[in-house]
Structure formats: structure tokens, C-alpha cells
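Novice: If you want the building blocks of each chain, they are given just below.
Protein chains: 2
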Amino acid sequence: MSIITIIGSGMMGSALAFPARENGNTVRLVGTPLDREIIDACRKTGQHLKFDRPFPEGVEYYQFEECAGILNESDLIICGVSSFGVDWFAENVLPILPAGVPVLSVTKGLLCQEDGSLISYPDFWQTKLDALNKDNELCAIGGPCTSYELVAHDQTLVAFCGKNMATLERLKKMMETSYYHVIATTDVMGVESAVALKNGYALGIALTIGENFKRCGKEELHYNSQAGVFLQATREMHSLVNHLGGTDESFYVGIGDLYVTVYGGRTRKVGILLGEGYSIDESLEKLQGVTLESLVVAGRVAKALRIQAEQEKINLADYPLLLHVDSIITDRAPVNIPWQDFTKNN
Amino acid sequence: MSIITIIGSGMMGSALAFPARENGNTVRLVGTPLDREIIDACRKTGQHLKFDRPFPEGVEYYQFEECAGILNESDLIICGVSSFGVDWFAENVLPILPAGVPVLSVTKGLLCQEDGSLISYPDFWQTKLDALNKDNELCAIGGPCTSYELVAHDQTLVAFCGKNMATLERLKKMMETSYYHVIATTDVMGVESAVALKNGYALGIALTIGENFKRCGKEELHYNSQAGVFLQATREMHSLVNHLGGTDESFYVGIGDLYVTVYGGRTRKVGILLGEGYSIDESLEKLQGVTLESLVVAGRVAKALRIQAEQEKINLADYPLLLHVDSIITDRAPVNIPWQDFTKNN
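Same order as they appear, the protein sequences are chains A and B. Heads up: the first sequence begins at 5 in my numbering, then just goes up one per residue. Heads up: the second sequence begins at 5 in my numbering, then just goes up one per residue.
Isolated chain A (complex conformation):
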């Protein structure tokens, strides 16, 4: 069995303690400086503040200052920070990574470079590791997994991506349980871009839920329009993942992730409010305290595409849904789903 250290005790990082520990590993959950209360509570109750059941017996809890000593003992370090913690992780964790220990990151997102190219967080961290002359392998998790359902032992299928298949197979073996299933793939850019893209598209699908709430009341659910936008999202995501150099396999992972994101959490809520007719500012006001990772990511992808379109690398007309979502978020445009554009069979 292995020693797995999870840095970042947000919901997703913490949820991974369940399969990790139930698989027989030693599991150490380390809070960032923002997670102090969570770790205090875990120590007292053995349960995460946001979960409805306790951690498996034996998980250990650490504040970040206490982790220097235990990092060296780790066989795997899981990065569980949110996308707002990417720089923090780069500055505070990468320099103290013990030699040869792989990192598995759940942080999802892309960064837009000045030339319009998109890079993943592992790519970003790799440049930092190179500068530090460190050899740690960076792997990442993508795919359909909400933390509270993982905690509830719902059957879950995700992808681990990284450069080295042998490492991925090793991590898969450490983490896989009877309910946590892992696809291993070396298509890092494909998985990262598919998983990032789903944010804007989930918002687009949720718009129709809000539109129908407004039109018909909240009791009646309408799936034709959700499915119509899902169709268009599938079309655009396939094109974009391929354009960014990803494989069809990673696109499938993104579609699964899109499906779960339409149902889970914050992106859905923002989309519904927008569809009901609230502006983006009003919607965010109503959802105070909500983090906006998905909106940030959708905006970055759209920005990258606009730059690439100027360079004639892509045709913006192929992505009417993403651009509409971006115009709502970035330009405060009203919701007006471009259905006619979706009938154009390219």
C-alpha cells in the first residue's frame, strides 16, 4: 500500500480521500492556509464540513505548516486546490516536492496565452518545475465526478492523464476501487481542454432550463431544448478538442463531464438565472459566495478562440453556442440562443 498526501481540502480533494483510503492506502489530508477551519473540524469530527458522512477510518489531517515533514514520505501527492490556487500551489508546493514523487491534480482549467494558445495547469506548472530543475511527473484527473456523489460511493468513471503511461497505471492501481473507475490516457491537452470546455457549454444548456422556468413555471421540465443545445455542444466540443490536438477519447470524457455538470452545482444555477432573464451581474449577486471558476474558464477559451480566428486558424461561425455564452458573460448580452445557427450542418 502507498502513502497518499492530498494538498487542498476543498470538496474534490477531500472526496478523493474516500477511494484512496478505502483502497488501503495511508491518506493524509493537508489544508491550504484557506482551509484552516476545515482541517480543525476534520480533526474534531472526522468529517468534512460540507459532506454528509465521515471520512473513512484512519485518514490523517494536517495544516499546511505541518506538512513539510510528511511530504517526503509520500508515494503520491494529490493537488486539490481550486483554479484560484494554481499560483499558490506553484509558489508554495512545487519548490518543496520531494524528488521523483508524482503529482495528480484535480484542478481544472486552461490559461490563455498572448498568442491565443491555451495551456493546461500541468503545462503551466511544468515550466515552473523545469525552472526549479525538478523531475516530478504531473498528472491530472478529468471527467464526470461530483465530489458529494463520490463521497456517497456512486459509481464513477474518470480519466487520469499524464505523459507517462506506466506512471498513470501505477496511480490507477493506487486509487481504483469497486466504485471509482479510471481511464488512463496520455492525451493531457485533450482531457484538460475537454473538461475546461464543458463549463461554458453546461451554462449554455442550463439557459434553456431557466427560459422554460420563466415560460412554463418550475414544475414543468423541458428536455427538448436542453437536448438541442446538448447536440450543439457535442458538435462544438468535438471540433474544439480535435482542433486543440486532443483525441476523440478525451472528447468522450468531456461529454460525460458536460452531462454531470448540467446537473450539479453552480454553473447550472447561474445558467438558470440567466435563462430566467436576470443579467449576469444580478445572477451572481443572487448566488453570493459562489466561485466563478466555470465562467472564468469559459471566458478564457472564448478569448483564445477570438485571437485564433484573427489568425485565421479557426472559423468563429463554427462555435455559435460558445460565443453566445461568452457574450452573455463578458459583454453582458441578453440571452438569445442562436437556434438557427445550430441548423447549419457543417
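Read the hints as simulated data drawn from the structure, not as lab findings. Certain hints may be false.
Chain A side only, calculated, beta carbon under 10 Å to chain B, not exhaustive [unchecked claim]:
1) Cys149
2) Glu153
3) Glu180
4) Asn216
5) Leu225
6) Tyr256
7) Gly268
The C-beta atom is built at its ideal place from N, Cα and C for all residues, glycine as well.
We have chain A already, so just place chain B on it with the hints.
Specialist: Okay, now just chain B, sitting in the frame of chain A:
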């Protein structure tokens, strides 16, 4: 404006009277011999027995015996029979089709030939038309559209497929409204196979809903496992649609259709009961009166694949989800979703 005759007053055929009539066409809804009561009721109340709102003003209703005279006046004949009416339509309608009038069919399904090849209903009818020496063009509708939501004017995106793009554009113009949007495509086999395939896959996804009902109660909804099976369904459908000669565009239409089918109606209900642990016979017993089109289609596709695998045209290991669904339906196997097979990145 055009004269549109709809033959078959089941839910989907009847729902098409809404966009057809609201678009300003003359619309005549003709019942099959099985639809006598529906037509009687429509004449009395102006409303379909299964819809919660009346037809648009001006729709006309006919029993099948009365339609001979009006067929000749039609610019378009819509076939609204269920897949159990395919032979009836071939024997009773194809021979009396007026020359030059196109047919647009909503009947979904595939037929398995002895050599393991699959043919669509339009293909099947084409052989009959050829034998009758008739020139009518056969087109079909696929994509995400439940009848009651179309009736409720939910935004809807579907595909019209046929051999002749000019004809498809003409039909699109006849039928398209502010809420009914049409993709025109000449990929008949792709659309028909994608739309047929979604039946078995929707059942597969619904299994997880039933499993979670059993495990956690009906209040708690779990989407990780739905999304995991959706991921695998996306992978298998893409491969199968391409294998059957269809385009990626048709695959997207099928994915939209899969999404809506997980939520609507009978396939979902059967899948949930199976997931809860009832056998296929018990499930069908509980859903008395339910038609089994989706199960029939899923069984036919699986049969075709098994024949093609014997001929070494495909590898059955690429389709673990479809084969599991088929084993439940055909061999009365218990539900045991092969999650480990889904982690194999082909």
C-alpha cells in the same frame, strides 16, 4: 403555403401538426385503423387524447378510409406510424402514394438483415416503392424531440434526412417555426442508425438511476454514474455510427436524442426497474401496455453486431455497454454494469 397530410395519429405524428399548422400550412391528420378513437375525439374536442392542449385552429381530421381523396392534394405526406406499423404503411399507403409527393417519416428503427447488415425503414420502403415502380422520395426525421414538449412549444432541434438536399430544404421551409429547428442532411443511414442506437444506450444509463434508487432511496439523485455510462455510450455510438457509414454530424444528432431519451418516457422506466433489480419480465409486467419499440431496436442492433463480429467486421469488446443491455433484454441476465470494461481506452 402547402398541404401536409399526416398519416398516423400517434403522439409524434400528431405533435407535428403543431409546427406544420402554425407555419400556415393546411394540415390533415389521418388515423390508421388503430387510431379510430383518437380521430373521433379530435373531431369532437379539437384535442388529442394524450395532449394537454388543443391542436391549432384549422387542423382537419380523417379516418384512414376517408383519405384516398385527399392524398392527391398533398404537397407532403408525413408518416407518423410506430415501428409496429412499418409493414402496414408499406402495404396500405405506399401503393396509393400520389406521384412525386415526398414522404417524411418519424418512424424510428432499423431492420437486421440475414447477413448482419442493418437497414433503415426508408431503405426498406424504398425496395417496396421500386417494386411498385413509384418515384416518391423518402425522407425521415431524427433527433431529440419528445412529442409533448413539441406540443408545449419547447425549443426543439431535429434533423431531416433524405437523398436529395433540394427536397430536404423544401420540407424544412414547410415545417420550420420559431421553435422547431431543422438540420438538413443527406446522411440517412447515419441519422437512422444514431437515432436507433440511442434506445439501448438510454436504457443502459437508466439502469444506474434504478441502482441508485435501490441503494440510496428515491430522493437522492446520482449523476456521476449516469454520466459515466453516458461517456461510454458516447464512445460506443460514435464508433458504431461511423462503422455503419454515418457522419459525425449524425452522431451528434444521436447524442442529443440520447440525452432527451434518458428523461422521457418508457425506455427510462424500464431501465430504472431493471436497475432496481426487477427482471425484464417483471419490469414489463409492471409497465403493462408499454410498447417495446426501444427494446426491439436494441435487440436488433445487438444481433446485427454479433453476426458482424463472426464475420470479423467488428470487435464485440468495443461495445460492452450495448452487449450488456442486450444480455439483460435477450438473455434475461441480471444487471451488472461492466465498469471495468469502460476504463479500457481503445
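Novice: What hints, given by number in increasing order, does this structure fail?
Specialist: Per hint list: zero violations.
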